[in-house]
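In order, the protein sequences belong to chains R and U.
At position 280 of the first sequence the residue is numbered 280 (our numbering), and the sequence of numbers has no breaks.
Adding 1000 to a residue's 1-based position in the second sequence gives its number in our numbering.
Keep in mind the hints are simulated off the structure, nothing from the lab.
Fair warning: there could be bad hints in the mix.
[To be verified] If you anchor each label on the Cβ, the simulated ranges turn out as follows:
#: 1; chain 1: U; residue 1: T1017; chain 2: R; residue 2: S14; range: 26 to 32 Å
#: 2; chain 1: U; residue 1: L1180; chain 2: R; residue 2: R54; range: 33 to 39 Å
#: 3; chain 1: R; residue 1: L253; chain 2: U; residue 2: Y1079; range: 53 to 59 Å
#: 4; chain 1: R; residue 1: R54; chain 2: U; residue 2: L1118; range: 48 to 54 Å
#: 5; chain 1: U; residue 1: P1069; chain 2: R; residue 2: Q62; range: 31 to 37 Å
#: 6; chain 1: U; residue 1: R1184; chain 2: R; residue 2: G299; range: 53 to 59 Å
These numbers come from a predicted model, not from an experiment.
All C-beta atoms in this analysis are idealised placements derived from N, C-alpha and C, irrespective of residue type, glycine included.
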Amino acid sequence: MPALRADVGVDVDSFRLDVALDAEAGQVVALLGPNGAGKTTLLRALGGLTGLQRGRVEVGGQVLEDAATGVRLAPEARPVGFVFQDHRLFPHLNALDNVAFGLRCRGATRADARRVAADWLDRVGLTGQSGQRPATLSGGQAQRVALARALAIEPALLLLDEPLAALDATTRSEVRRDLRRHLRDYDGVPLLVTHDPIDALLLADRLVIMEGGRVVQDGSPAEITGRPRSAYVADLVGTNLYRGSGRDGAVTLATGAVVAIADALAGDVFLVIDPRAVALHRQRPAGSPRNVWAGTVQGLDVLGDRVRVRIAGEMSIVAEVTPAAVASLDLVEGTDVWAAVKATEVATYPT
Amino acid sequence: MKERTSALVVAVAAVATALFVIPLAGLVWRAPWSSAWTELTAPPARDALRLSLITSLAATAVAIALGVPLAWVQARVAYRGRNLVRALTTLPMVLPPVVGGVALFLGLGRRGLVGQHLYAATGVQLPFTTAGAVLAETFVAMPFLVLTVEAALRSSDRGLEEAARTLGAGRWTVFRRVTLPLIRPSLVAGSVLCWARALGEFGATITFAGNFPGTTQTLPLFVYTKFEAGDLDSAILLSLVLVALSLAVLLILRDRFLRAL
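Kindly generate the complete structure, drawing on both the sequences and the hints.
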């Protein structure tokens, strides 16, 4: 079974990418992060399209590149398939010959290459489109051809750069479902770049969060969403994340706010408060074992049947309440409110 | 409502058009249509026509063989002096061809800078030979091909070449199976333009290769010689052949050439 062992160091102008990433076959890994995090640069480096300044890349025991020894396999010599965001189908070849291209380059005869390519088009559900030029294919069809073309060369490592980004919303969910199936069937190492958390959560077994050229968190979707370690992930999940110093059942944040917690955790900690656990009041609520902070409503966002209320103050926090609560509390931008959270609703974990 | 075009502008434009049409009309008006076939198929004219086709096609072939790699380097390789090289290799487009002929003579003539060594080593001399005529035409015409192909290579999608490499194509396969098919319209346009320019070449050819019937006397040289000698009939008819060929090229390239540049 092939496995990826990569330690990638690339400098592009003033941007510095340093990522160590190991991945096993049969496990879909999604690289998730904001624009400019270096996700695409990492994929390009693994595919040999961008050279390493530092580090080494090994796939299935074969060294593809090693900055220390100067080994550097050309992209065409790597057992790596690449699905590009903009598909990059050859406009002068029909769908069948696009898929057959890689097989031909690997020495297959025209007839053999076309037979295998036809089989792949069949698998991605495009039997009837084999004679069509890319210009006449829909976005979803082009994406499938690009996937078939990359899979046809049976790569040990499959790189997908924002494979669904170029698609509209309706095609997207359909193509995503099929992509998920193809990634499950694929027996190499699939590595997917996305900035869409939905794609990541639905397609991947493991998330690697990148920010500023580094990995900031790595784990299963449940681990990442349950214990975010960066503002980016907290935003994706839609939760409140803070960092502070714990002592005697309370955490002091950098802003000076003090949060009572139920665990006795000391030292640097992350602190997560679920927006649905935040209660809002117009008057300071009575009762002692609660966290109560004064603040001002900064904005309201409707999210399905809930309203997310952004509150600024010594403890900037997002509360998620019902539209009925918004109406009865008469919440508008600029309203002064009290936000209350039970100590047992505050999750903490060490940094 | 459509704005009315100024009558003055229309009048000036008509004068400008007349400037091009009147000389051509003159050719057609004075052409000896009754003896046309005999004149065109007479041995001297036939030789000039045949020689012109051979040399212009050979010049185009040389220009493609040398010009496409040059265009590739100019479009894809960043190096010091690239602009200087571009200026030098496109100079013949603006240089008076006769100056090009003199320069070729001093560079590649039997006693020229490089030509003397070529002659000493191989006994080959270019001036006053058919090969010399091909060289003169190549010198003048190749820039048209290089510029057209370079522009196409510059604007072609590098992402497709990357995709081809990830699929296992080496650099040569990428060029042959992806780059070349994508720039084909421009390559065709550049080649036709180059060929048309080579076909019409006069100054550099007569200076470098001379004006020998059968070896270096191409169509334009033949027309000039006949005109000087007062043999208007031959001059007119072969001029019309050149006009027809040039017009055909323009019509073929009408859409493609404008798009390629």
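Hint check, failures only: 1
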